[in-house]
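J.: So you can see what is in the structure, the chains are spelled out below.
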Amino acid sequence: MFVFYGDTISLFQVLSLVLYLVLAPFAGGLIAGIDRKVTARMQGRVGPPIVQPFYDVAKLWKKEPVTVRTGAQDFYVLCCLIFMIIAGSFFFFGFNLLMVIFTLTTASIFLVIAGYSSNSPYAQIGAERELLQMMSYEPMVLLTAVGFFMVNSSFNSATILTSPYLSIQYMPGLFIGLVFVLTIKLRKSPFDLSMSHHAHQELVKGLTTEFSGRTLAQLEISHWYENIMLLGFVFLFFTNGSWLMVIVGIVVVIVVYFVEILIDNVCARMKWQFTLKSAWIITLIFGGGNLFVLYYLRGYLWMASQYQ
Amino acid sequence: MGIVVLLIVLPLVVACILLAVKSDSIRAPIVIGAGIAIAALSIVLAIGNHGGIIHELWQSPGTFKLGGVQIATENAAAGVSVAMTVIGAIMSIAIIVLGIKYKKILAIVLAIIQEAAILWFELSKGYAIEAANTAAKNYLYLDNFSLIMILIIGIIGSGICIYALGYMKDFQRHAAGEKDRRPWFFFLLFLFLAAMVGIVVSNNLIWMFFFWEITTLCSFLLIGFTRTPEAVNNSFRAVILNLIGGCAFVAAIIMMGMHPAIHNFELSNLLDIGTQIKAAGQGGDPVFDTIIGLLAFAGLTKAAQMPFQSWLLGAMVAPTPVSALLHSSTMVKAGVFLIIKLAPCLGISGLFAIGPGFMVIIVGGATFLFASFSALSQSNAKRVLAYSTIANLGLIVACAGVGTAEAVWCAIMLVIFHAVTKSLLFLCVGTAEHRIGSRDIEDMDGLFGRMPRLALFMIVGVSGMFLAPFGMLISKWAAMQAFVDSGVLWALLAVIFGSAVTLFYWTKWLGKLTAIVANRTSIETGVNRTEMAITGLFTAFTLIVAITFPFFSGGMIVPYLGVTFSSVAENVFVALQSSDMIVMMCLVVLVIVLVLLLYGSNRKRVMPLYMAGLNEGDDLTYVGSMQKDVPVTLRNWYFEDLFPEKLMNRIGVIVTSAVLVLVFSYYIYAATALGQYLLSGGAGGGAA
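Heads up: the sequence lines are chains A and B, in that order. No gaps in the numbering here: position 53 of the first sequence is 53 in the working numbering, and each next residue is one more. Just so we're on the same page, the working numbering is the position in the second sequence counted from 1, plus 1000.
Take every hint as true, because none was put in to throw you off.
Subject to a maximum C-alpha distance of 27 Å in a straight line, what follows is the list of computed DSSO-like cross-link-like pairs (lysine-lysine):
(1) B:LYS1604 - A:LYS63
(2) A:LYS63 - A:LYS37
(3) B:LYS1646 - A:LYS277
(4) A:LYS59 - B:LYS1604
(5) A:LYS62 - A:LYS205
(6) B:LYS1022 - B:LYS1179
(7) B:LYS1604 - A:LYS62
(8) A:LYS37 - A:LYS59
(9) B:LYS1103 - B:LYS1179
(10) A:LYS271 - B:LYS1646
(11) B:LYS1628 - A:LYS205
(12) B:LYS1169 - B:LYS1179
(13) A:LYS205 - B:LYS1604
Hints were generated in silico from the structure; no laboratory data involved.
Just chain A, same shape as in the assembly (with noise of 0.2 Å):
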């Protein structure tokens, strides 16, 4: 235990960062490959060995570096994967959730940016519809940490995860908006609108038509260690700090991405319109809703915390 600025700080905290930044590209690679598999089979497919997409990453590495115009592109990519694990690293290390959404939206930013400065037609087409789905997920997203506040006390992840108090028996609806918005925050059909696993995309690879060799690969592992850290949204919620809830978090992980890849083949992709209306009326009927029910409860919670 060690004191920074005023905040305490555990040694399983540090654990779980170094864990997080070892381990989540290995972990992010394999969800991958697990969905591509799954993805072929629900097509009636063999699909690629599961290691895939290390594979195409080591490849993707090897290629001869091009870019277009200044490489300006290049750079934000690399920003974009750089703030991308900073994000992560401090939900895994237990800072204040907004401050991971915050950071996330930046590494976000930063990639939408690479679309525009490539000023290729596909590129820029695919920044914006980026920027739309981002739009569309964010109020989500920080509803949700709102309400891990109301019940936990706290923002920090640390604190939600050891707090008595099981979120998911507070949070119902935060908890299906969340998972909504997952299905944009992925990139699944059918909101896969800026770029696509498909190959039915109209807009070639959209944000990442003009990205190659290096940068494509940094794009791919930022991508895995994003995931990772939104299935950690979704475990928060079944945190207590008993070991049966962490086997239960981890069953619902599961579910949930499988359910997600469910989805992204059994829809076909709609219409930016729906994309923004569906999330944002989701958002406030259970994202709101929810929020409201339990500004009411937090009362009796605040009581029942005085009593223990």
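Since the structure of chain A is provided, determine the placement of chain B on it from the hints.
T.: Here is chain B on its own, set in the frame of chain A:
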């Protein structure tokens, strides 16, 4: 005290000198020298005083020395008051005369109502009340919040005046053949600065009202500076809306004189009573609430909150330095200053309690949301900036309305960050407009290739407005935390949805700036040196403030809150943990280091862009069907169908007007129900 008075007198004197100076070569050194002197004085003042205590500056009874002569402050104050009454009447007559000239009945009527009311009150009651009040009087004061405002006015405001030198030179060239009215222009700019300092140090509300009226008049004349029909119309819209606020201000002053428990016109006294009422947990005095409500109303009009937002949008017709001044360091900041000052009397006691706090939070929250929505469909850079100003002021106002110490912390932080960043953006747009001949964001496509330095400044400004780890975002984050803590959930929802939209409209602008377009040559040479220097300086300020804000917080804001909210424990003053602030600081440094180290070091082979057909090789055209060359143009996305500007404005105006009508009709109802009380109170106040 000496420096404070000097900070009012010096700009005033400089303004008068500039009115007489016709030649640019004489004007430039005066403006630059005065600007530096004002900035230096405000810094000296800030270094000398930062205890966070209300310094009793010009207290009466007492004496001071002027040129070796002992003068009783009471006499001096009475003299100043009379002078203010006379000058105030002259200003009203000026508005009336201009109103007659341009046939603006409403402006004439409002100016007459306001002036008649204040004259009647001053002559029949006001002076008598002042004279009868034998308790110690503080006409002027200085606390840490005023100091912060003085720093903003003194540094940002004078910077803009210096920038205006170069800008107005170009402006005059563009308007060749017309009369050179620059002496008048610079006179108004410096007068504005003097009046702003006056507002933030006046403890006597009648004095504050005088300075308040000067800013109204100055903005009126500056907006109408070009004298085109559009400018004249917009300037009258500004003066009409601000006169409505002025009338509310006068009504508040009159009610203060009538109220038996107040007896005088001192802001500090008003705040003490409000704090006592709050501490006692009653809040059942509708007359007191009405006074606070009227003052807050005056603040809302000046801060261009909905339903009064239209005057600030109209103010764009003025030369850009005026917009920069109105949006960042003066005028609108006077409005939020007054509301933040009133914060201890605001706040919400219950979920549905209809008080001034309720009114201010809803108006601020709704303004933030709908002004952000309106900005989405704008491609005119100045319009985007205007809507963003209105929205951010809404956030500041909502924070002040919440009225807790941590919410006020956010409000003051937002004031600082917004002043620095918004002034930078206006100066950038102004310079770009003169070089590329357009203020449309679409025309700034690939500005990085054409004006690399200016584009860099603009990128810093735009990022500073919405992106972590820069200041505005940190304050917004703190505001969210404050809203959650005080349970104002619908304000929280407004901030969250508004911020999502904010993200969109700033990033698409940023995208246009950063796009690297082929075949662009630099046209940056020829920009005035002073223009570039001031813009660069403000860019540095934006970054420096983002790095040093924990020191502003600890050194200036927390002591201020300690005095203002003396009953609250100190650890809840700041919405953010200090560890979070330190981390954010480090991230700013990281961004700067990353850019310096890695940007532009490209050793890769450059390939042509992917296009629908064969790229011609210049990245600007491709071979389309039938072997035709098709040029590529890229345009941004404006959502006119989902977020139409007119509709968004209308909804905002309807919501906020409904709240204002609701709250004030409640007051009238409550006041009538307590008519007897008011009547006896009126008699008691008059007799005292």
